[in-house]
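Asks: Put the two chains together into one complex, using the hints given.
Line order of the protein sequences matches chains A and B.
With numbering that gives the first Met the number 0, letter number 13 in the first sequence gets 12, and the count goes up by one each step, no holes.
With numbering that gives the first Met the number 0, letter number 113 in the second sequence gets 112, and the count goes up by one each step, no holes.
Keep in mind that the hints were calculated from the coordinates and are not lab data.
Glycine is no exception: its CB is placed at the ideal position from the N, C-alpha and C atoms.
Each hint should be verified, as a subset may be incorrect.
[What the hints assert, rightly or not] Covered, in the sense of this in silico footprint (three residues per stretch, anywhere, with C-beta under 8 Å from a C-beta of chain B), are these stretches of chain A: (1) 9–19; (2) 122–135; (3) 168–179.
[Claimed, not checked] In silico DSS-like links for lysine-lysine, alpha-carbon gap of 27 Å or less: (4) A/K73 <-> A/K112; (5) A/K213 <-> A/K193; (6) A/K273 <-> A/K283; (7) B/K61 <-> A/K73; (8) A/K87 <-> A/K73; (9) A/K292 <-> B/K61; (10) A/K119 <-> A/K87; (11) A/K213 <-> A/K283; (12) B/K176 <-> A/K193; (13) B/K133 <-> B/K176; (14) B/K61 <-> A/K11; (15) A/K273 <-> A/K292; (16) A/K112 <-> B/K61; (17) A/K71 <-> A/K87; (18) A/K112 <-> A/K213.
[Unchecked claim] Facing chain B, according to a computed beta carbon distance under 7 Å, are these residues of chain A, among others: (19) E23; (20) P113; (21) P183; (22) E287; (23) W293.
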Amino acid sequence: MSDELKDLPLVKAPDAIWARIEAELDRPSQSPRRFLPGFAWACAFAAMLIIGLYVLYRPKAEWDVVRADGSKGKIAVGDWLETGAASKAVLTVGDIGTVEVHPNTRVRLEAAKPGEQRLKLARGDISATVTAPPRLFIVDTPASTAFDLGCAYTMHADEDGNGLLRVTLGWVSLEWAGRESLVPAGASCRTHAKVGPGTPYFDDASQALQDALKQFDFENGGEPALEMALSESRVRDTLTLWHLLSRVAPVDRQRVFQRMVQLVPLPQSVSADKALQLDPETLKLWREELAWKW
Amino acid sequence: MAGLGDLDEISADIIESCRRGDRDAFRALYETYKDKVYSIALYFFHGDASAASDITQQVFLKLIRDIAQFRGESGFSTWLYRLVVNACMDAARRAKPREIVADTRSEPGSQEEDFARRQRAQSVQAALSALPVKFRLPMLLRYFEDLSYQEMARALGCSMGTVASRLSRGHRMLAQKLESLR
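Isolated chain B, as found in the complex (with noise of 0.2 Å):
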């Protein structure tokens, strides 16, 4: 899965023209980084599709109504994914604990290619799900998101010897989950 660092360079020029208020940049922007959201939102709100909209929808708001601030020196996915992480963690102090949902979408293969890589990101994404918020968003951001330790660092508001220490835990952890679930 790509890693937004790459996507940063190509965003530059849709960024300035949203800090106009170009509306179409706006559309490109969402374009561009929608999918990555809204997964995010998905798997950390395990598999609430209402949950994992709201939050993309109250993301791209607020980096739409905030750019101007963004000034380009630092890096504009650190900034995203720092609105996504806390938009996530906000939604989950109000809300209740949900029930786990497996939703994951196939991607194109043979049915039984396709059965086997659906199982799997299912006991992925349940495993994923039951880890503590703090482990689970790490995960997601390395993982998923493929961000790198500063990155990570700075989404996630800590050192990044602590992002180590909490990917390091969470591996452990989904690796017991895991082989319970087998």
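For reference, chain A alone in the conformation it holds in the complex (with noise of 0.2 Å):
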């Protein structure tokens, strides 16, 4: 099966088309013209003139606003946009994608740039949607920075930082401060002030294991909400015991690793040193062969 697939031949795209794409670039443009002798001062002060208008009154980078109402507006950077108990708005990302601002949440436009496109929600609920390379759009949250790697995703944050990452589609990278989770799609991540990201789960994952991660990551739960974590895991909650191979004490270290591979067998091209040591790499490679259990 796969070698026929395989067999499938290349085609050759036709010459036409890059003939189309350059009529379209071209489009916009228009043909160099010459300028009388006459005008050339007249010409130049004109366009001084427009550069020093546009120095003074060029638009500030922003987002398109749409309120609940209908009406229209937009947030530039470093304005703030605060909606009510009962209102909400939509954001337009650039050509990316939108950002719904739910009801009492408060959220300011940090950047919007072609490599960055930015915003901070202080307090409140947002759903992101976006379709852009990985990494350019972020939301800081008191606590996290949520980093898109292509998908569609809800957070909810409080004043202080506590919240709770739901991503719906594709992934999403949450650090802060050294600390990195990973949340695929139907699986969440609790933030806390002062820690950042807890440990991702499943949304379908036992209600006992949800809660003993949330002692384990923010109550100092120890001991007692490890063995809960490790014995209430599935197959694919190895999602969440990969992310506490590195955050728990390095004595635990052993029990989880041991719990990680009676779910699923340790991967031929996985060491098992090299893990246990938490060797980036080791890791990243038995992350990507774990995750075709998630």
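Replies: See the structure below:
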């Protein structure tokens, strides 16, 4: 089957396509004109005037805003947008996606440029849907930074930084002070003031596992919480265990490792010793293998 | 069929020149990827050359206009195939069902080998075209473009687990369809 598929021939694209692309690219441009010598100084003056006016009145980097009542506006970099108990708004993130701002939410536009679209969520709830190269769309909360890896997600945060990320499509990388949680579709991750992102878990994980993670991550749950998390884990919860491996005390690492390989045999390509030493490349390779089960 | 991973490295300079608006660099980028983009669109749209040309034009125009947004931290091919996937999905949503057009080209070889290869490719293409979109795209990306599971997951906007299960089901469905075509 695989061989038959690989035998599918590569088909040469017709030459005419590039000509059509060039025609499209050239459409907005104008052909150069000859200036009459007598107008040279006038043109230079006009150009300087236009540049001056542009500098004075140039448009600020901004996103479009549509409020629930249908009214339209703009939000510029540095501006805050706040919704009341009964209002909401939709922000258009350039041409890469939208952010729905739910009631009782306060956001600020931090950056709106080609290489970075960034929003600060001070409190409340947002839903983001983005189709852009990974890590282009970023949301800061008081205790985490969410980097879009191509996805759709909802995010809640209170003013202290306690919150919840829930991913519905693709992946999100939740990062804070050197701590990183990779959250795939169908999974969630809590954030907590002064701690940052907790351990991600699938939404269909048992309530006991979810509670144990909360205790372990944010309430000094220690050994009992870890034991509960290990015993409650299913094959799919190796997502959670993979993150825990590098977060537990060294003395507990072997237990997490043993539970993981009990649920999913260690791939031949992954070295047990290197995994226990938290070798970054080994952990990455193991995660990619485990992700088949997620 | 070579994947795009190895092409990413040699394209780094070209991408940088494209960011500066260098038309020659755009052309070089286009020449590097055009056949792969065109082929995947062609197989996706049941051999419809007109649809494949439109998709290829659309993808590269979007790529050229938005390349300033590409920061190089992620794989270029991931972004490119995401554009291809989105363009194919959008067009599929708009389009009415099309008839299957067998138009695969042959590679050099003897006449008998050529005929057999063409027959085989036509069968596979017909079976592929009959798969539902959500199974067809992962199959094309995996076997025609040789993308990794991670690249496919990013291009398709789903988890690697979903990619694996769709490939698995796609395989089974394709095998059944090939059997019925033989």
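Asks: It remains to establish, for every hint, whether it holds in the given structure.
Replies: Going down the list of hints, with the structure as the test:
For the region 9–19 of chain A, the proposed coverage by chain B is satisfied: 9 residues have a C-beta within less than 8 Å of a C-beta in that chain, meeting the threshold of three. With 6 residues carrying a beta carbon less than 8 Å from a beta carbon of chain B, the region 122–135 of chain A meets the three-residue requirement, and the given coverage holds. Proximity of the region 168–179 of chain A to chain B, defined as three or more residues with a beta carbon under 8 Å from a beta carbon of that chain, is established by the 3 residues found. Between A/K73 and A/K112, the direct Cα distance comes to roughly 15 Å. Compliance with the 27 Å bound is thereby established for this hinted pair.
Distance restraint check for A/K213 and A/K193: the Cα-Cα separation of roughly 15 Å lies within the 27 Å cut-off, and the hinted pair is therefore satisfied. A distance of roughly 11 Å separates the Cα atoms of A/K273 and A/K283; the hinted pair therefore holds under the 27 Å criterion. With a C-alpha separation of about 25 Å, the suggested pairing of B/K61 with A/K73 holds against the 27 Å cut-off. Of the pairs offered as hints, the one joining A/K87 and A/K73 holds, with about 15 Å between alpha carbons and a cut-off of 27 Å not exceeded.
For a cut-off of 27 Å, the pair hint linking A/K292 to B/K61 is broken: about 34 Å separates their Cα positions. About 16 Å separates the Cα atoms of A/K119 and A/K87, which keeps this hinted pair within 27 Å; it holds. Simply put, A/K213 and A/K283 have alpha-carbon atoms about 25 Å apart, close enough for the 27 Å limit, and the pair holds. Using a Cα cut-off of 27 Å, the hinted pair B/K176 and A/K193 is violated, with the two alpha carbons roughly 56 Å apart.
Straight-line distance between C-alpha atoms of B/K133 and B/K176 comes to about 16 Å, which keeps the hinted pair within the 27 Å bound. A hinted pair counts as satisfied when its Cα atoms are at most 27 Å apart, and B/K61 with A/K11 qualifies at roughly 21 Å. Our distance criterion of 27 Å between C-alpha atoms is met by A/K273 and A/K292, whose separation comes to about 22 Å. Distance hint between A/K112 and B/K61 is fulfilled; the C-alpha atoms sit about 17 Å from each other, no more than 27 Å.
For the proposed pair A/K71 and A/K87, the alpha carbon gap of about 12 Å is at most 27 Å, so the pair holds. The straight-line distance between the Cα atoms of A/K112 and A/K213 is roughly 37 Å, outside the 27 Å bound, and the hint therefore fails. For A/E23, the suggested interface contact is upheld, since its CB lies about 6 Å from the closest CB of chain B, less than 7 Å. Below 7 Å, beta-carbon pairs count as interface contacts, and A/P113 has one with chain B at about 4 Å; its hint therefore holds.
With a cut of 7 Å, the hint placing A/P183 at the interface with chain B holds, because the nearest CB-to-CB distance is about 4 Å. For A/E287, the interface hint holds, the least distance from its beta-carbon to any beta-carbon of chain B being 6 Å, beneath 7 Å. Taking 7 Å as the C-beta contact cut-off toward chain B, the hint placing A/W293 at the interface holds, the least distance being around 4 Å.
Comparing the model with each numbered hint stated earlier shows that hints 9, 12, 18 do not hold.
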